[in-house]
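Participant: The lines below spell out each chain.
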Amino acid sequence: RKITFEKQWFYLDNAIGHIYGTTFEVSSGGNLQPKQEVEETATETKEAGTDNRNIVDDGKSQKLTHDDIKALKDKGIKGQEIVQQLIENSTTFRDKTEFAQDKYIKKKKKKYEAVITIVKPSTRILSTMYYAREPGKINHLRYDTLAQMLTLGNVRAGTKMIVMETCAGLVLGAVMERMGGYGSIIQMYPGGGPVRAATSCFGFPKAFFDHLHEFPLSKVQSLLSGTFTTETLPADPEENALGEEESNGLSEEKQNSLQETEEEPAAEAPMEVSPAEEQDTVDINAEDGEFKENKEKENKENVREKQIKQWERRKKLKEAAALLREKNADGLIVASKFHPTPLLLSLLEFVAPSRPFVVYCQYKEPLLECYTKLRERGGVINLKLSETWLRNYQVLPDRSHPKLTMSGGGGYLLSGITVVLEKGRPDSEALKMEEPASKRCKLQDLPC
Amino acid sequence: MSFVEYGDTIKDGDTAIVFLGHESMFPVKVQHGTVTQTKYGVIRHSTDLIGKKYGSKVTCSKGGWVFILHPTPELWTMNLPHRTQILYSTDISIITMMLELKPGSIVCESGTGSGSLSHALIRTVAPTGHLYTVEFHQQRAEKAREEFREHGVEHLVTVTNQDVCKNGFGVSNIADAVFLDIPSPWEAIGHAKSALKAEGGRICSFSPCIEQVQRTCLAMEEYGFTEINTLEILLRVYNVRTISLQIPDLGKAAEDNSSAGFDSSDPSHQGSPCANLQQGTVQFKSGVPLREVVGHTGYLTFATKS
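Protein chains in written order, with this note's numbering: chain W, 13 to 460; chain R, 11 to 316.
Just chain W, same shape as in the assembly (with noise of 0.2 Å):
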């Protein structure tokens, strides 16, 4: 299968049987295997100049001319070979600093050696890669602000967590990575079915879907109000764009140095399961590629195709919901395109007591108001609005700085625990819990 990837296709075909980690180098459509360590061109009588008193930009200190370069790169020539010959023919690095030469290197080498590194699928690598590619799909979630998610909701193997996130299924992966195949998980979902194009890239085994239930949104208030029956089902999911989701996420390139390594598809590592297999036996959504070659078959086998899928989305559905009616789950991920509010005012229903529960919103607005309702229906203690900033760092001898603040952009979490909820009593926690400005208990000396 032909792959493309930042201006550049090959086939993975070579990749197969090496390990995690391993950097490629891209030829004219297939992958060669070169070395772990590349050895650093050394540049010969380590010339340097002091600073750039002396430097002009004329535009002539490049004597290669751009055909030059283009017949360089037809002629098939390792890139590391046109980046020698780069240096060799400017007129003006042997005067530039050694710190301006290595960043003059740095830059060519980017350009014309082309590395990719295969890395294995994980939260870190997923979700790092998502805010960076497809932030829209995933609600400007920030890989940092997941992380909190994680912890704050205390996720961890043999819990029943409640998800509910239109997150591309980002977060349940998250959530499942965590949890390792022990415990339980309902996703409730909006519309026909949940989407969890995310999650078939972390190449979970089978069995981690055992106790995957899904749950329609739609059908909450019923469940709460005891009219709940399986009779009816939410409409057909329309196909959700599992190929597109895939093919703009694959693998990423290493530029020689590092900075951005990132995943490569679950579907293409050896021992994974293939997508369409997955997503027989995660999604209900089974109408997909598979299926359109079935058509010519007779029509006979397609109904009743649909009738056993029918009934076994059915038995599902009463399972998830007999899990929700004991309303012991042990904690609630909200991280979804819709207002937080009457969400969390449902859902809390069935979760229980001494329990977290965080919610994700890219907006601020939306959790003030929620803190407000929550605390007028009580039960639940310990609110907090938070964010987290996160700041990239260059560190190098003599050249350390911040690369980059992220702030805004990561969203926003309210987070807090559950407690027994008495009925019929307005809610005089707020009394004792709306004190002004509580006093954090404050980092005191830093070890420095």
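Some clues are possibly wrong.
Said to hold, decoys possible - Covered stretches of chain W (chain R as the covering partner; in silico rule of three or more C-beta atoms under 8 Å from a C-beta of chain R):
1. 103 to 114
2. 124 to 136
3. 153 to 164
4. 229 to 241
Hints were generated in silico from the structure; no laboratory data involved.
Predicted model only: the values in this text are computed from it and were never measured.
Where is the CB? At the ideal position from N, CA and C, for every residue including glycine.
Place chain R on chain W using the hints.
Facilitator: The following block gives chain R in isolation, referenced to the frame of chain W:
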């Protein structure tokens, strides 16, 4: 109760968290016949706690009440007895994700310190993973062992009392991840590398000062670690407040204020707009940053062995 398993009811020997209201809480060891004093009065363990559900309201002798919460690593972090400077949940959460920890992971940690991070690591790698933690201070190592026993997680953790910079982690080629929170992490990078699995793994080092980070990065590069990345994470907490701002008196009549194209009250707010007008104020909800916030805890340097 255990830190790796939820229990419904409070039992003798449990560690529970007594919640008094807005972020004031303390841990308590539940024992028959014991009493605990709070500002709302006395809690008698035998009658007030044992057998009750976690999350219930407990009325104390003076008629005041508290909530009793099930312990979690996060609540423990807020309440543990400090023997050293500790890591807080904000840093812990990014460490856990960036080290790719999950059930079954084998982790090495040094130093154990007050065990704040240790509890979170154990929670994440349970039930099949293991934590090897190294602490060179004998008393602290002992204390940590005792705590792990009390919290029902001793089967998931091994505490070793030695100097990690000299003697390493006491294990080799078995770890998926290594975490360092010591004054001179660069001296332990070699040991970290040999503790990690042959097929690779992740490493993280926490240091408050940039000079420590620089030396650590150099050491990591020397030992062939890749994907070296340093970051810092900061938490901002907001208080939810209803704010009212006064409308300046520009000499207009009161009823003109609203017709001047200025919406002087939020319709969703319960206060009557007329009253607001008379006082000449505008009300709105706001998330107000706390006056004092943590500005810096430390730099986190991550890298991969492959």
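Participant: Each hint needs a verdict: does it hold in this structure or not?
Facilitator: Results of checking the hints against the structure:
no., hint, result
1, 103 to 114, "violated (count 0)"
2, 124 to 136, "holds (count 3)"
3, 153 to 164, "holds (count 8)"
4, 229 to 241, "violated (count 0)"
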